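Engineer: For the sequence shown, the positions run 88 to 251 when the numbering used here is used.
These are calculated hints, taken from the structure and not from any lab test.
Values in this document were obtained by computation on a predicted structure and should not be read as measured data.
Keep in mind that the hints are not guaranteed to be accurate.
Straight-line alpha carbon distances no greater than 16 Å define the calculated EDC-like cross-link-like pairs of lysine to aspartate or glutamate that follow [as the list claims (entries may be wrong)]:
{"hint": "1", "residue 1": "Lys-124", "residue 2": "Asp-230"}
{"hint": "2", "residue 1": "Lys-139", "residue 2": "Asp-237"}
{"hint": "3", "residue 1": "Lys-124", "residue 2": "Asp-205"}
{"hint": "4", "residue 1": "Lys-139", "residue 2": "Asp-230"}
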Amino acid sequence: MPEPATPKPAMNTPPARDDHALSISRVFDAPRSLVFKVWSSPEHLARWWGPKNFSVPSVTVDFRRNGKWRSCIRSPEGNDYWASGSYREIVTPSLLVLTFRWEEDGAIDTLVTVAFEDAGAGTRVTFQQAPFLTADERDSHADGWGECLDRLGRYLSEQDGSNP
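Required output: the full structure, derived from the provided sequences and hints.
Structural biologist: Printed below as a string of structure tokens:
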């Protein structure tokens, strides 16, 4: 006797799977107020958002609860990748919660949580994103966000910290 068909999840409603969640933690040699600020302003985001060797030709931010954001990252080959979402929670200077969705067919909404904690003279950033449909998608985002956080570290080292 055939097994009953498993219903497919509704479009844009992926199954929640802990093994498909992404978590990255980094400590930056910069004050928490500055690290938080460079996550909240389009002028700063345009300088570090995206994987290595990518540029950010467009980023708009309505930095308030339920405000929308949208960005375009451009690959070295000239391909544009658009993403957008909204801010669910903002607790200055300790927490950002936002939705993230690639603007392409089949893309799903994910939830990004970024916590900012004092770590000695620096700041620990804990980045989490979920859910992903597959481990491959999670790992692809881990690579991209890892490079993005590398760029953030370099960008923070260029700031003088006098204007957090």
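Engineer: Now tell me, hint by hint, if it's right for this structure.
Structural biologist: Taking the hints in turn, this is what the structure says about them:
Taking the CA atoms of Lys-124 and Asp-230, the gap is about 24 Å. The hint is violated against a cut of 16 Å. Pair hint Lys-139 plus Asp-237 holds up; C-alpha atoms about 8 Å apart against a cutoff of 16 Å. A hinted pair counts as satisfied when its Cα atoms are at most 16 Å apart, and Lys-124 with Asp-205 qualifies at roughly 14 Å. Annotation: proposed proximity of Lys-139 to Asp-230 holds, straight-line Cα distance about 10 Å (limit 16 Å).
Checked against the numbered hints above, the structure breaks only hint 1 and satisfies the rest.
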